[in-house]
Amino acid sequence: MRDDTSKHRSQKQVEGVGVGTAQVHAAHAEHHELSFVRKYIFSTDHKVIGIQYGITALLFLLFGFTLMMIMRWQLAYPGEPIPLIGALLGPERAPDGVMLPEFYNQLGAMHGTIMVFLGVVPLAVGAFGNYIMPLQIGAVDMAFPKLNMMSYWVYFVGGVTMLVSFFLPGGAANSGWTSYAPLAVIATTGQTAWLLGMVFLITSSLLGSINFITTIIQLRTHGLTFMRLPFFVWAQFVTSFLLLLAFPPLEAAGIMQLMDRLAGTSFFMPSGLVVSGVPLPYTGGGSPLLWQHLFWFLAHPEVYVLILPAMGIVAEIIANNTRKPLWGYKSMVNAAIFLGFMSFIVWAHHMFMTGMGTVISAFFQTTTMIISIPSIIILTAFFLSLWGASIRFTTPMLFALAFLPMFGIGGLTGLPLGLAPPDIHLHDTYYVIGHFHYVVAPGTLMALFAGIYYWYPKVTGRKMNDLLGKIHFWGSFIFLNGVFMPMFIQGLAGVSRRLYDGGAQYAHAQEVLHWNEFISVSAWLLGLAQIPFIINFFWSIKKGKKVEENVWQATTLEWSATTSPPLAHGNFVQIPEVYRGPYEYSVPGAQRDFLPQNERA
Amino acid sequence: MNIPYTSTARPDTGLYNAKVGIWLFLASEVMLFGALFSSYVLLRVGAPSWPHGYEMMNIPLGTVNTIILIGSSVTMVMSWASLMMKQFSKYKLYMGLTILLAVLFLVNKYFEYSAEFHHGRFPRTSTYFAIYYTLTGLHGLHILGGIIVNSYLWGPGSKMWNTDPQRFTNRVEVAGLYWHFVDLVWIFLFPTLYLL
Amino acid sequence: MESVHSDEVKKSVRTYILVFVALMVLTMITVAISTLHLDVAAAVTVALIVATIKGSLVAGFFMHLISERKLIYATLILTAVFFVALMFLPVSTFLNSVAQ
Chain A
1 MRDDTSKHRS QKQVEGVGVG TAQVHAAHAE HHELSFVRKY IFSTDHKVIG IQYGITALLF
61 LLFGFTLMMI MRWQLAYPGE PIPLIGALLG PERAPDGVML PEFYNQLGAM HGTIMVFLGV
121 VPLAVGAFGN YIMPLQIGAV DMAFPKLNMM SYWVYFVGGV TMLVSFFLPG GAANSGWTSY
181 APLAVIATTG QTAWLLGMVF LITSSLLGSI NFITTIIQLR THGLTFMRLP FFVWAQFVTS
241 FLLLLAFPPL EAAGIMQLMD RLAGTSFFMP SGLVVSGVPL PYTGGGSPLL WQHLFWFLAH
301 PEVYVLILPA MGIVAEIIAN NTRKPLWGYK SMVNAAIFLG FMSFIVWAHH MFMTGMGTVI
361 SAFFQTTTMI ISIPSIIILT AFFLSLWGAS IRFTTPMLFA LAFLPMFGIG GLTGLPLGLA
421 PPDIHLHDTY YVIGHFHYVV APGTLMALFA GIYYWYPKVT GRKMNDLLGK IHFWGSFIFL
481 NGVFMPMFIQ GLAGVSRRLY DGGAQYAHAQ EVLHWNEFIS VSAWLLGLAQ IPFIINFFWS
541 IKKGKKVEEN VWQATTLEWS ATTSPPLAHG NFVQIPEVYR GPYEYSVPGA QRDFLPQNER
601 A
Chain B
1 MNIPYTSTAR PDTGLYNAKV GIWLFLASEV MLFGALFSSY VLLRVGAPSW PHGYEMMNIP
61 LGTVNTIILI GSSVTMVMSW ASLMMKQFSK YKLYMGLTIL LAVLFLVNKY FEYSAEFHHG
121 RFPRTSTYFA IYYTLTGLHG LHILGGIIVN SYLWGPGSKM WNTDPQRFTN RVEVAGLYWH
181 FVDLVWIFLF PTLYLL
Chain C
1 MESVHSDEVK KSVRTYILVF VALMVLTMIT VAISTLHLDV AAAVTVALIV ATIKGSLVAG
61 FFMHLISERK LIYATLILTA VFFVALMFLP VSTFLNSVAQ
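Line by line, the protein sequences are chains A, B and C. In terms of the numbering used here, the first sequence is residues 1 to 601. In terms of the numbering used here, the second sequence is residues 1 to 196. In terms of the numbering used here, the third sequence is residues 1 to 100.
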């Protein structure tokens, strides 16, 4: 077979003598005999694994969003029976269809956990990273394909553990996605399931990050130096380092919280705790703040894990649809690296209200202010990339463009939170919820949608329908703002987060309570706006317009060096060689307005 | 399908894939044990009183275990060196010794824990014992993991020596790096928990 | 992996034995010093210094870090920086706290 022979040759060139022919033939024989299970379920192919991550993550995103839509009923109409599903929830969750505070807390904790750990990161890193990154670097697969397979399945088990927890006595975890001690230590059984689920998810993440970093370092094709990498790959590279080094402390903390819950230790339990008049059976001497430090040591870098891949996706789409090189590629790369580094030393800005002294508070305020700079550099570079461009308003580009001001709002609203004095007023209010959702929802999620519309043709060979795409875009954009903008108003008025009645009992909330209904209606309309996307996603697999392999006329290897799907096992008919940077669009004197990385001049 | 650089090094980085992978893994392990050490520091500094290690721990047993583990590190690196010198039988000997010493370490830990339980010292007894059991327990699990991997490389996995000696040698080197790290953690654990 | 000559490996073997002996000696030293029951600050300092020397020997010679590639060094230095942050910053919020 022609493609096998060229692979042999390039492998031999690349590895020197050492590839036994017998081995190679055996590998191919194995390949020809793969069963359905080995090909689609327990696959070691990064493309299959990427799709597995993608579908699973999208389902979790939908589920996590559904939990919120239910919560928003209680917030809009506190004490009213939930229509349709109220009766189905049962008396332990919603007697007579009216949501219990305990159930509200479960929904809140699981919404956050599912969206962050089961939805966004697996989609941004597990799906997009796995599928696209090896293609963009000209690799036949990840460095450790079997480890990759394990990554997905361990994530799957972690996800199932989280879902199953809803059916435990006392329901799912209900101490927030932040699981603060001592509350989480004395909480219902669902919290133990949360901790076990997190251990699985962290393990999955660890295996994945080792794979990503090794692959990017070791398997770049010939001519692909680091500064010729698409920004998407740089984003995944930095993200993987964040996952690698920031998750382990949370794993340690998770083990310690499990010990507190199951072995009666007092890692996080202070002395003398009394609950409902009964002293707790702990020897005490522990520190609730220890949990917070270890949790936020991960959770702060985690938010950069949420945003960096999104920036990577937006970079690809902007360059492609402006038909210009990205402005300030080198600055963007350096900014991403600096951002990753700084993200490890800002975490206690989540803890300004825990009684720390002015010196250490000043330290964290300073690092937090500094970390806004690389984000601004990247956002500015994106905006400047639009200057003088011939913008193609394709569906992915609409989402990518919208990302810019949305991330801007998210980032700017973070500034008062990063300074201790205003944080005194804003901490744990709806302002915080507005801030971080702007970055993740109108921000990252829109970028992820952009990525789906952009790379769908590479995965399926067909384009998604543009009309449905535009309806999805406008609906999402408008209603996302409808949901989160009023939260700043509520937060500035002092409405606390995690209140199951949306602040109804507080005098200071009365004037801004009416926004609850507005936000909820926006959320439900946002839900409706996803229907065209879901229909489009499945309908286009079989009925979408068939397109050629480089439909967007892009320069990066996943478009210019691969065939139309299904992509060859081994990805490339011929391993590409790279001659130039990733965004050589509109090169003066060139025949076409794009010069692929692997095209000889 | 053949992934490049599984056996031979990539020219510009000078590394084969598994070596990059294992060092990345060890970096994450530094952060894992680091978090526990950090917790130890925070708990001890914040405590009104904290027992000295020499008041609570069996120092002779701990010292013996330290010697055993360091010894197993030597035998581990010798097993890799034997493969580099193409002496497979010596490899089997040294790797076998490594596994034996590791098992011995765990046996000692079993006696240690048993004695401590017998004296009513459980994780819930105090934060000192909580962090002691968690640190040594997690470390012990890592030893167990190492025993499993090394046993595989000694037994069924060693067949690879016949089909791809280079790749097998790399596997042993990589397993060795993990094993030395486990030893390294103990080198800090022992004084922290037993002597201070 | 570049092929390594038999003699180089034999030299390494000698190094391994020497390192083993050094580690034994240092273990004895650290246990001996602990019997002096120094005050906490001094005890911690000495113990950490000895442990660091032992750890460096294991890392440098058994793990071959002394002749490793730049890439590995870079990863480890980065990790070391974050490790230091993790060790010192949380306890600093205790030492510099409002309730002093």
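Any given hint might turn out to be false.
[Said to hold, decoys possible] Subject to a maximum C-alpha distance of 20 Å in a straight line, what follows is the list of computed SDA-like cross-link-like pairs (lysine to any residue):
{"id": "1", "chain 1": "A", "residue 1": "Lys463", "chain 2": "A", "residue 2": "Ser540"}
{"id": "2", "chain 1": "A", "residue 1": "Lys543", "chain 2": "A", "residue 2": "Gly570"}
{"id": "3", "chain 1": "A", "residue 1": "Lys463", "chain 2": "A", "residue 2": "Ile51"}
{"id": "4", "chain 1": "A", "residue 1": "Lys39", "chain 2": "A", "residue 2": "Val459"}
{"id": "5", "chain 1": "A", "residue 1": "Lys146", "chain 2": "B", "residue 2": "Gly71"}
{"id": "6", "chain 1": "A", "residue 1": "Lys146", "chain 2": "B", "residue 2": "Lys109"}
{"id": "7", "chain 1": "A", "residue 1": "Lys470", "chain 2": "A", "residue 2": "Ile531"}
{"id": "8", "chain 1": "A", "residue 1": "Lys146", "chain 2": "B", "residue 2": "Lys86"}
{"id": "9", "chain 1": "C", "residue 1": "Lys11", "chain 2": "B", "residue 2": "Gly71"}
{"id": "10", "chain 1": "A", "residue 1": "Lys330", "chain 2": "A", "residue 2": "Phe341"}
{"id": "11", "chain 1": "A", "residue 1": "Lys146", "chain 2": "B", "residue 2": "Ile148"}
{"id": "12", "chain 1": "B", "residue 1": "Lys86", "chain 2": "C", "residue 2": "Val13"}
{"id": "13", "chain 1": "C", "residue 1": "Lys70", "chain 2": "A", "residue 2": "Met227"}
{"id": "14", "chain 1": "B", "residue 1": "Lys109", "chain 2": "C", "residue 2": "Thr27"}
Simulated from the structure, these hints should not be mistaken for laboratory data.
Now for the hints, and whether the structure bears them out:
Taken as a hint, the Lys463 of chain A and Ser540 of chain A pair is honoured in the structure, with Cα atoms around 7 Å apart against an allowance of 20 Å. Taking the CA atoms of Lys543 of chain A and Gly570 of chain A, the gap is near 27 Å; set against the 20 Å cutoff, the hint is violated. At roughly 17 Å between alpha-carbon atoms, Lys463 of chain A and Ile51 of chain A fall within 20 Å of each other, so this suggested pair holds. Between the alpha carbons of Lys39 of chain A and Val459 of chain A the distance comes to roughly 16 Å, so the proposed pair stays at or under 20 Å and holds.
For the proposed pair Lys146 of chain A and Gly71 of chain B, the alpha carbon gap of about 33 Å is over 20 Å, so the pair is violated. Between Lys146 of chain A and Lys109 of chain B the alpha-carbon distance is near 34 Å, which puts this suggested pair outside the 20 Å criterion. With a C-alpha separation of about 12 Å, the suggested pairing of Lys470 of chain A with Ile531 of chain A holds against the 20 Å cut-off. Annotation: proposed proximity of Lys146 of chain A to Lys86 of chain B is violated, straight-line Cα distance about 29 Å (limit 20 Å).
The hinted pair formed by Lys11 of chain C and Gly71 of chain B meets the criterion: a straight-line CA distance of about 19 Å does not exceed 20 Å. Distance check on the hinted pair: Lys330 of chain A and Phe341 of chain A sit about 17 Å apart at the alpha-carbon level, within 20 Å; holds. Simply put, Lys146 of chain A and Ile148 of chain B have alpha-carbon atoms about 18 Å apart, close enough for the 20 Å limit, and the pair holds. A distance of roughly 14 Å separates the Cα atoms of Lys86 of chain B and Val13 of chain C; the hinted pair therefore holds under the 20 Å criterion.
A C-alpha spacing of about 18 Å is found between Lys70 of chain C and Met227 of chain A, which places the hinted pair at or below 20 Å, so the restraint holds. Restraint check for Lys109 of chain B and Thr27 of chain C: satisfied, since their Cα atoms lie roughly 19 Å apart, inside the 20 Å limit.
Hint compliance for this structure: hints 2, 5, 6, 8 are not met, and every other hint is.
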